[in-house]
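**Student:** If you want the building blocks of each chain, they are given just below.
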Amino acid sequence: MDAVEYLDLLLKALLLAGVYAAMAVGMTVIYGVMKIVNLAHAGFLMLGAYFALEMFQRFHIDPILGAVMALPVFFLFGMLVHWILVRWLPKSDTPTLASLLLMFGFLLVLQNVGYLLWGTEDQSILTPLTLSSVQIGEISIAKVKLVVFVAAVVCMIVLQIVLHRSWFGRSMRALIQNPYAAKIVGVDDQRTARLTFGLGTAFAGFAGALLGMLYSFSPDFGRPFLLRSFVIIVLGGLESVSGVALGAIVLAVLETFSTAIPLPWYWHKWSFYYLPPSYQPVVPFALLVLVLVIMPKGLAGLFNRKWKAA
Amino acid sequence: MKRPLGAAGWIKVILPWILLAGLLLLPATHPSDNLIRLLFITAVWTTTSLGWNLLGGMAGQVSFGFAVFFGLGAYTTALLMHAGHSPYFGFVGGAAIAMLASFLIGLPTFRLRGPYFVIATIGVTEAVRVIMNNLDVTGGASGYRITEDKPFSPLEHYYTAIAAVALAFVVSMVIAGSKFGLALRAIKQDEDAAADLGVNPFTSKLWIHAIAAGLTGIAGGIYARRAAFFYPGDVFAFQTGISILLMPVIGGIGTVWGAVLGGVVFGMVEEELVVHFPNLHLLIYGSLLIVIILLEPDGLLGLLRRLFRLFRRKREDSGSPDADQILWGRGGVEGRKF
Amino acid sequence: MAALKDVSFDIPENQICGFIGPNGAGKTTLFSLITGAVRPSAGQVHFRGKDVTGMSSAALVKRGVARTHQVVRPFKAMSVLENVQVAVHYGRHAVTRTAVAREHAMEALKLVGLDRKANVLASAISLGEQKRLEVARALATAPELLLLDEICGGLTGSETGAMMELLHRIREGGTTIMYVEHDMKAIMAVCDRITVLNFGQKLAEGKPEEVQNDASVIEAYLGKSTFRDKKRG
Amino acid sequence: MRKSQIFVGGHFRRITALAILLGGITFFPGSMRALAADDTITIGVVLPTTGSESKPGQYQKEGIELAIKQINDAGGIMVKSKGKKLKINEIFYDDGTDSKKSASLTERAMSSDNAVAVLGGYSTALGTAESVMADRYKTPWITTGAGATAIFGKGYQYAFGTLSPVALIGTTTGEFLGSLIDQGKLKKGLKVAIVVENTDHGVDYVQGFTEWSNKHAGYFEIVLNEKFELNATDFSGVLQKVKTSKADIFLSDAHLPDYITMHRQYLQNGLHHQMVSYGARGPEAGARQALGAGTDYIFSGIWWSNKLPYPQAKKFAEDYKAFTGHDVDSWYAAPAYDGMRILAKAIEAAGSLDKTAIRDALKKAQLKDSVLPGQVLKFGANGQSEYPFVITQNKPDNKVDIVFPKDAATGPPVAPTPNK
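Protein sequences appear in the order of chains A, B, C and D. Residue numbers for the first sequence follow our numbering, so the first one is 989 and each next one is one higher. Residue numbers for the second sequence follow our numbering, so the first one is 2 and each next one is one higher. Residue numbers for the third sequence follow our numbering, so the first one is 20 and each next one is one higher. Residue numbers for the fourth sequence follow our numbering, so the first one is 31 and each next one is one higher.
Careful, some of the hints might be misleading.
Claimed, not checked - Below are the EDC-like pairs computed for lysine to aspartate or glutamate, each with C-alpha atoms no more than 20 Å apart in a straight line:
1. A:LYS1079 <-> B:ASP191
2. C:LYS95 <-> B:GLU192
3. D:LYS337 <-> D:ASP431
4. D:LYS345 <-> D:ASP357
5. D:LYS273 <-> A:GLU1126
6. C:LYS81 <-> B:GLU192
7. D:LYS271 <-> A:ASP990
As the list claims (entries may be wrong) - Okay, the calculated bits of chain B under chain C, using three or more residues with CB under 8 Å as the criterion:
8. 179–185
9. 196–208
Keep in mind the hints are simulated off the structure, nothing from the lab. Ideal Cβ placement from N, Cα and C applies to all residues, glycine included.
So here's chain A without its partners, still in its complex pose:
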């Protein structure tokens, strides 16, 4: 592999990181405020993809616009889910198994609803845009990846602004940082939780629509992305939005380069060995376990520890 190819890969990894970040951020806000490990995230991603597909097929709405439209729709849907299911969970400052299993049960329901509504075949959203690519010298980049990246990044920036400028964002961040103090100073935790769940779901739906533009999907589509979201939010320290961006880049780069980097291998003598592409799906899963075990506080935790030691 030459330098251009590495550059090509790096570019692809960064574009991938954009959509990864959008995908994981919904999970982070829900975890941060409510300490719920939201397994139904996979279901929301899947619904987002089908939402964009339906919008595109029925009303000929461009999937990018469909993804943006998913934001308010899924926001309301998320609030509804919170109102029907999530608010009955006992409050806790640490994640509970009950919440995890509840969301898992809801994921199964969503998945089955997906099967009933759309069948089990793989679907894909195809517009002229999704098949074409731009050529820059030797590097060719799918146009859809560029568009998706831009959409994801714009949305993340908007989220950052919401988090830092609005009363809702402030109360959310207050709840993340110190739930007790937040409640004492009058943050309505129930209401904030409902809005947060809506926001998390909105982002999941949005990211699902974007993913639907990149990959083909079926009702079981969310699971690998669910695990990737975990890796990202754990890398990012579980509760911070900027951490998510960092985690997304790390995961995307590792995944993309996993088959392109020669690994030194010792068998009688030193030699180099490439990870076969069929093993590539192991990377996020192995990374997940590794990250959880080695640095449960994420990359930031690792840095903090270093600083403390210094």
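Based on these hints, arrange chains B, C and D on the given structure of chain A.
**Tutor:** Below, chains B, C and D alone, put in the same frame as chain A:
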């Protein structure tokens, strides 16, 4: 401390024996092949359910990763049989390899608690499945086939599965009534407090994980021998892992009878309902799970008990707490208290 | 900021040693250091001549060091008897037989006066009873050294009295006690020796009356403490 | 317990809700099985009509049901031992693309439904799981959708297949490309990148191609040979390798969902090769609709094409359209259709509903008006049938031509394919 057994107490003591006798004598009534097959598969699932319940129910460590042990049991049995060993030796081998794997998985992941452990187990199963899909020794994704020279005997498979369930049941009962079982229940409720009383949570979890894995491995081997063909996308599937988890949770987490009930209900749903309504099982399991988490943490067993009590209002709750705890115990999912 | 700095002391056998100090003085941290919940950045803990620094709490229990927690942590879904039974099974004597373990557990429960609640779920008893259960569990591990962390917090006067009575009985049974308490009256009444901590440092050490009369203690601690006690109601 | 008290408080309501749910799941629809009448022939059909292989499974089901309808319309099958014509009673099970269910449903059809034969098993993975049951229950089983040779190499006596071996796709692909080189359309020493699914299907394909390539030195140089996981969502890793390999020819062997996903990412990555193939996939309407002009010039080695110049093939295509209301899509329906027909022939030849007699008859059976290439369908010694493949190539505007072998060709091959 001996307490006189009431009528209900006697039922609890006798019930397993009646069930066992019924299952052993059933073939004498010349049931249909399909019923034997159904009971076989239900017994296999119930064995895994009982196994999972030891770790997830008693010790409170919810794992999505039991497909690993099921699959390893299947493959080990198949490879040993291929090498010319008896299938029964294969089952033991499957259990041993599954136990070994449980240590390898448990050593790093048991440092994690609650949901972090859960997520780690999801990662482990997915990774193992991908690796097994690409491993040449086992034929990769093409799967593995067991060829036996003997003619196929449904009853032999049936009795093997019944024996496995009986083993799992006895192991569960013995552990539930032992000091180890007590320690596991303590760990489930408060790991640190248990450690302060001298229980070593880490090694306790490792051991119960191993026992659970061993039982699941045996079940995997028994399943594989009858299926005669299986591949990683089936025995190592995420779906297999969640099936094993759903059974005891639906039946009544933390209780031996709950795990049995869950296994039986699951077997029936998978084998009978799904034949006619292929696209509803996830909905059923999902809604059951939601209902159980929000309304009835003790699962179907808790519901049965509730119905039972509806007719016998006068019955006191803590008449015999020890027996109640073990058999019917209010296990509940951690974090949910009424 | 270190919670404890250069604190050094010995615990003589078969005595009740009290530790006092205002909130944040490092009392609970001290216990956590001894029982292995927190690893010290420097220094050592010796028990009966052996280095036990950083040893896990489970291993310490096996050697005869048990502790209670300021915030009680009963196993709520188990009966009171079973709560104690765990301790008997996994304590220093590691009793295996269930019947024997139950007997020992009942003895411990009798000692704290909970024998009549033996078959009640631990979630169903009062806070005072839960505090006693906490002590009974620690006691049932058959410790040689018992670390008690604020076992009187939240108890009524008569309950506190009964608890002090209990401590004397435990010591008569041959167990050494390290006792952290916020309640001055309780600790002055029951302890043989007292160590005063402040901002993670040892301020004074000695018999209760010596400490009571120590000028630095009065200045640094007692004045504030009176104020705090009032505030806590 | 705060708010939730209101929700959980009502003892009665809770019980009712739970009782309904419990009743719902333990509802045991055992009575739903239709009782087979005595004077019909029960045939089990197990195919995936849900799950990832639902489309091909559906097509195969339609093929089988078309044959059953035609046979029943003609009065049924003459069974000598009964002295009359008996109609076919089909028992269909959907396995949901789950091999565990494929096996157990086949077993169910053979044991409790007493089917005299079972048809089905689309895709190698599901077919392999089912194949085990045939000898176990001494019931003839004909797979109409599993072509991997591994299924038939086990000395099974009751397993048959109407798909020609997958390895032949590889060989035929080699032959086809070789002929293009001989014609001077492509240059000798082509660099070939092969990427196949990690199942027996893929293994057989590679084996077939490399065998041809080894025998004919100098034609090809295989520069990449990689596998991918079935039903993957992301092929960027493997496609990157293809790109790096700088190959001239891109050969893949994939099932339908993977073909669509992979080719889409192929196009997105701006890849182009002189020739592109996805094994037995290519002309499927779904894929062409989805990927548009991107699927033009893909060539595929398939078991059947509606372009075959046989009258019976044309008639089958017409009947199929009349029966299902849609055009026959790629090859899937034909081997299933003929599988049922050859079974009917064997039952008639056996003259009884004895399963072993039917098995013996199947071993000898010949379907002389087969719609499949070669026009005669019969089973080899191992139970698998063997007939030539046709190579089709997608042409612009949703057209498909048979381009190889020459005597069946309906149009010239386009090689190398134009780079837009």
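**Student:** All hints are to be evaluated individually against the structure, with a verdict given for each.
**Tutor:** Taking the hints in turn, this is what the structure says about them:
1. Pair hint A:LYS1079 plus B:ASP191 holds up; C-alpha atoms about 18 Å apart against a cutoff of 20 Å.
2. For the given pair, C:LYS95 sits about 13 Å from B:GLU192 by alpha-carbon distance, which is consistent with the 20 Å threshold.
3. At roughly 7 Å between alpha-carbon atoms, D:LYS337 and D:ASP431 fall within 20 Å of each other, so this suggested pair holds.
4. For the given pair, D:LYS345 sits about 12 Å from D:ASP357 by alpha-carbon distance, which is consistent with the 20 Å threshold.
5. This hinted pair checks out: D:LYS273 and A:GLU1126 have alpha carbons roughly 11 Å apart, not beyond 20 Å.
6. Between C:LYS81 and B:GLU192 the CA atoms are separated by roughly 17 Å; this keeps the pair inside 20 Å, and the hint holds.
7. Between D:LYS271 and A:ASP990, the direct Cα distance comes to roughly 13 Å. Compliance with the 20 Å bound is thereby established for this hinted pair.
8. Taking a C-beta to C-beta cut-off of 8 Å, the region 179–185 of chain B contributes 4 residues in contact with chain C, enough for the three needed, and the coverage statement holds.
9. A count of 7 residues in the region 196–208 of chain B with a Cβ less than 8 Å from any Cβ of chain C is obtained; the coverage claim is therefore met, three being the minimum.
Comparing the model with each earlier hint shows no violations; every hint is respected.
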